[in-house]
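Protein sequence lines correspond, in order, to chains A and B.
With numbering that gives the first Met the number 0 applied, the first sequence covers 0 to 371.
With numbering that gives the first Met the number 0 applied, the second sequence covers 0 to 396.
Just so you know, the hints here were simulated from the structure itself, not pulled from any lab data.
Where hints are given, some of them may not hold.
Cβ-to-Cβ under 8 angstroms is the rule here; a few derived chain B residues that face chain A [as the list claims (entries may be wrong)]:
| no. | residue |
| --- | --- |
| 1 | V16 |
| 2 | T135 |
| 3 | Y136 |
| 4 | R205 |
Label-pair ranges, simulated between beta-carbon atoms [unchecked claim]:
| no. | chain 1 | residue 1 | chain 2 | residue 2 | range |
| --- | --- | --- | --- | --- | --- |
| 5 | B | N36 | A | D73 | 17 to 27 angstroms |
| 6 | B | D173 | A | I348 | 56 to 66 angstroms |
| 7 | A | I67 | B | T52 | 29 to 39 angstroms |
Beta carbons: idealized from backbone N, C-alpha and C, even for Gly.
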Amino acid sequence: MDWLDVVIILVKVVVCFLLLNLLLAVVVWAERKVIADMQSRIGPNRAGPYGLLQSIADGLKLFTKEDIFPLSADRIVYPIAPIISAVPAFLAFTVVPFGNMLSIGHRHITLQIADINVGLLFFLAMGSIAVYGVALAGWSSGSKYPLIGAVRSSAQMISYEIAMGLSVIPVVLYAGTLSTRGIVLAQQHMWFIGAQIPSFLIYLIAGVAECNRAPFDLPEAETELVAGFHTEYSGIKFMLFFMAEYMHIVTISAIAVTLFFGGWMGPHPNFLVPLWGVLWFLGKTAAFVFLFYWVRASFPRLRYDQLMNVGWKFLIPIGMAWIPISAAVHIFDIRRVVLVGAGVIVGIIVLSLVLPTKKPEVLTEEEAKTTA
Amino acid sequence: MTIDTRDVWVEDETMRVNMGPQHPSTHGVLRLLVEVNGEVVVNVEPIIGYLHTGIEKQAETLNWIQCVTDITRADYLSNFFNELAYCVAVEKLSGVEIPPRAQWIRILLCEFNRISSHLVWLATGGLELGAMSMATYAFREREQILDLYQAITGTRMNHAYFRPGGIALDIRPDHEQQIRDLIKVLSARFVEYEEFLASNPIWVQRNKGIGILKPEDAIHLGVTGPALRASGIAHDLRKVSDYLPYDKFEFDIPTGDVGDCYDRFLVRMAEMHESLKIIQQAIDTMPTGDFRASGKLVPPPRNRLPVSMEAVIHHFKLFTDGPHVPAGEVYVAVESPRGELGYFVASDGRGRPWRCHIRGPSFTNLQIAPLVAPGYLLADLIAILASIDPVMGDVDR
Numbered sequence: 000m001d002w003l004d005v006v007i008i009l010v011k012v013v014v015c016f017l018l019l020n021l022l023l024a025v026v027v028w029a030e031r032k033v034i035a036d037m038q039s040r041i042g043p044n045r046a047g048p049y050g051l052l053q054s055i056a057d058g059l060k061l062f063t064k065e066d067i068f069p070l071s072a073d074r075i076v077y078p079i080a081p082i083i084s085a086v087p088a089f090l091a092f093t094v095v096p097f098g099n100m101l102s103i104g105h106r107h108i109t110l111q112i113a114d115i116n117v118g119l120l121f122f123l124a125m126g127s128i129a130v131y132g133v134a135l136a137g138w139s140s141g142s143k144y145p146l147i148g149a150v151r152s153s154a155q156m157i158s159y160e161i162a163m164g165l166s167v168i169p170v171v172l173y174a175g176t177l178s179t180r181g182i183v184l185a186q187q188h189m190w191f192i193g194a195q196i197p198s199f200l201i202y203l204i205a206g207v208a209e210c211n212r213a214p215f216d217l218p219e220a221e222t223e224l225v226a227g228f229h230t231e232y233s234g235i236k237f238m239l240f241f242m243a244e245y246m247h248i249v250t251i252s253a254i255a256v257t258l259f260f261g262g263w264m265g266p267h268p269n270f271l272v273p274l275w276g277v278l279w280f281l282g283k284t285a286a287f288v289f290l291f292y293w294v295r296a297s298f299p300r301l302r303y304d305q306l307m308n309v310g311w312k313f314l315i316p317i318g319m320a321w322i323p324i325s326a327a328v329h330i331f332d333i334r335r336v337v338l339v340g341a342g343v344i345v346g347i348i349v350l351s352l353v354l355p356t357k358k359p360e361v362l363t364e365e366e367a368k369t370t371a
Numbered sequence: 000m001t002i003d004t005r006d007v008w009v010e011d012e013t014m015r016v017n018m019g020p021q022h023p024s025t026h027g028v029l030r031l032l033v034e035v036n037g038e039v040v041v042n043v044e045p046i047i048g049y050l051h052t053g054i055e056k057q058a059e060t061l062n063w064i065q066c067v068t069d070i071t072r073a074d075y076l077s078n079f080f081n082e083l084a085y086c087v088a089v090e091k092l093s094g095v096e097i098p099p100r101a102q103w104i105r106i107l108l109c110e111f112n113r114i115s116s117h118l119v120w121l122a123t124g125g126l127e128l129g130a131m132s133m134a135t136y137a138f139r140e141r142e143q144i145l146d147l148y149q150a151i152t153g154t155r156m157n158h159a160y161f162r163p164g165g166i167a168l169d170i171r172p173d174h175e176q177q178i179r180d181l182i183k184v185l186s187a188r189f190v191e192y193e194e195f196l197a198s199n200p201i202w203v204q205r206n207k208g209i210g211i212l213k214p215e216d217a218i219h220l221g222v223t224g225p226a227l228r229a230s231g232i233a234h235d236l237r238k239v240s241d242y243l244p245y246d247k248f249e250f251d252i253p254t255g256d257v258g259d260c261y262d263r264f265l266v267r268m269a270e271m272h273e274s275l276k277i278i279q280q281a282i283d284t285m286p287t288g289d290f291r292a293s294g295k296l297v298p299p300p301r302n303r304l305p306v307s308m309e310a311v312i313h314h315f316k317l318f319t320d321g322p323h324v325p326a327g328e329v330y331v332a333v334e335s336p337r338g339e340l341g342y343f344v345a346s347d348g349r350g351r352p353w354r355c356h357i358r359g360p361s362f363t364n365l366q367i368a369p370l371v372a373p374g375y376l377l378a379d380l381i382a383i384l385a386s387i388d389p390v391m392g393d394v395d396r
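This is chain A alone, in the form it adopts within the complex:
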């Protein structure tokens, strides 16, 4: 490793950071536009063409806003909490491979900030650290709504962390590596989604919960807790929480693409090969981000205990059951067809248990009367 390698890494970090910030602005703008369209509204349309500059205008506004420091807030933890929330959100993106390889001269530059051999663990760890930001923010605000929001949030994120951890294990078993780049390369013949539908569904549901997005947005349940853990935050501190949330969405989507949808891979013409990889990656990620919007516009919010039930009673048991199944199939090399079939069946079971509980716990009249 010579000095040029250091320079390359620094350039990658700076360029990625700037581009991600820009991307966040677009993600926020796109969410507002997409949901507005779904709700037969117009959405932002004042700042710039199609309201494209709206996010930037909002960012500038938040920069210049008064930074309110509540009297009862903790002197040290209160200002640190948003940083604890935002920094891991950005760090988690460092292990995302957004392209294959760029060759300049005899130098090969991987299109990934850091291809570490425990990349996936690093991603999960960063997700866990972000919980601290939320929990500390709620505690240090010295106010009741944030406190309730923080308690909800910690419980929710920890339970769904487990489900998410379980959902990636089969993928790791198949790829034989924790390196995110290695996982993408292992999907050259078949994307893991083909064999891992249950894992994917668990990952997706846990991912939505991990980002505190609707229908799992209990920590900031607007109509109950005003703004949840960030009720007392204003100005730039609020912006950090806001950015962290959208950064999580991008990262969760990007990792979903990496784990299950072949990352940067896709058919492409034979020129500018690295660019096509990046485009494929961005396109797939955008599709997932769109899914986040769609879910938010469609579903009401779950209740706290219902949320916990979904996590502990469905996602975690199914995740646990799926690991030995896929491991056995992998070891005994049963034909892929069998695995795909099993995957589809378990996937249907997961979906029917978790999402459309067509017959919810309907209280009969007598039961309802006795519980009342």
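Since the structure of chain A is already known, use the hints to place chain B on it.
Chain B in isolation, oriented as in the chain A frame:
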């Protein structure tokens, strides 16, 4: 129980949370002092009075006609019902019969008002459980109904369109087509909404078995309206009272079985369909004739003013001193979207009401919250409150 209002964090391992008066889901400026044990609600105390506007007192300073502009602002989501109850009361005091056309137009607009009020409930109720798309959908349709109000009455809210002795202006023939088009749009959309929410497992889970109001409790508290009917008691003033000729119309009174939030949701959805049925019949059987009674309670026809001295004097006296309503007192109750909206009006024989008391259904129905909410989670309290559908203008007046 008595509430200690000291600002305490934790006391006896329960926490007091002040929801409101500024809070995203308290329907205006309701303040709920909630005692929670973790997330479980132990006690709820609604604290009201933040929207007290003195509407009743102000009515005493206005003459009988001006009063309509005042009391229409009480329950600001069902303006026509305020006007209706007040006008019927004044007409009863004066012994005036209003012509059928006025009655039909009143029914028509009141039923539209029931829909537009329920649409706000649907929008805010959906929003409060996180179904935020429902909010914009319901408001989109409400907007069309408000456009109709604007075409007919000139205003979108606070119409002052019903007047003692009839209505202010006749509806024009081109309104009829607008109404028929609107019926088509609404009946299709209501089905859509019911599918959107009732087939959504999360929505059902959040509402089924939550906030069960037993019928005997409902009666003891004086609960009326959809909340009462959801508990299984088919009491509707449109069927048992004669303030408007509802006996000429075919419609059902939807009721629930359990009395939970889901039943209240279904009852209101069904009521919107029933209202559409009434509107359809009203527009089909709209009688011709005068749109207001003749006599001292209403202004003289405009074309009489240049030719009749008596008409000029009548007009002048009516708008300066107000119509003289015979002394007496009367209580008129109408079925508003929220329940029994009652007006007690007393006259001492002069041009102004001596007293005008409003029995707001939201005020009475709000008592459900402290009764049924304990034992449920904080999130359920929001669902219960949304299903009561209180309007603070109606509570505090």
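Against the structure, the hints:
1. Interface restraint check for V16(B): the shortest CB-CB distance to chain A comes to about 5 angstroms, inside 8 angstroms, so the restraint holds.
2. The criterion of a C-beta within 8 angstroms of any C-beta in chain A is met by T135(B), whose closest approach is roughly 4 angstroms, and the hint holds.
3. The closest approach between the C-beta of Y136(B) and any C-beta of chain A is roughly 7 angstroms, which is under the 8 angstroms cut-off, so the hint is satisfied.
4. Of the supplied interface hints, the one on R205(B) holds, with its beta-carbon coming within about 6 angstroms of a beta-carbon of chain A, less than 8 angstroms.
5. A hinted range of 17 to 27 angstroms holds for the C-beta pair N36(B) and D73(A), which are about 25 angstroms apart.
6. Restraint check, D173(B) to I348(A): a C-beta distance of roughly 58 angstroms satisfies the suggested window 56 to 66 angstroms.
7. Checked against the given bound of 29 to 39 angstroms, the beta carbons of I67(A) and T52(B), roughly 32 angstroms apart, stay inside it.
Of the numbered hints given earlier, the model fails none.
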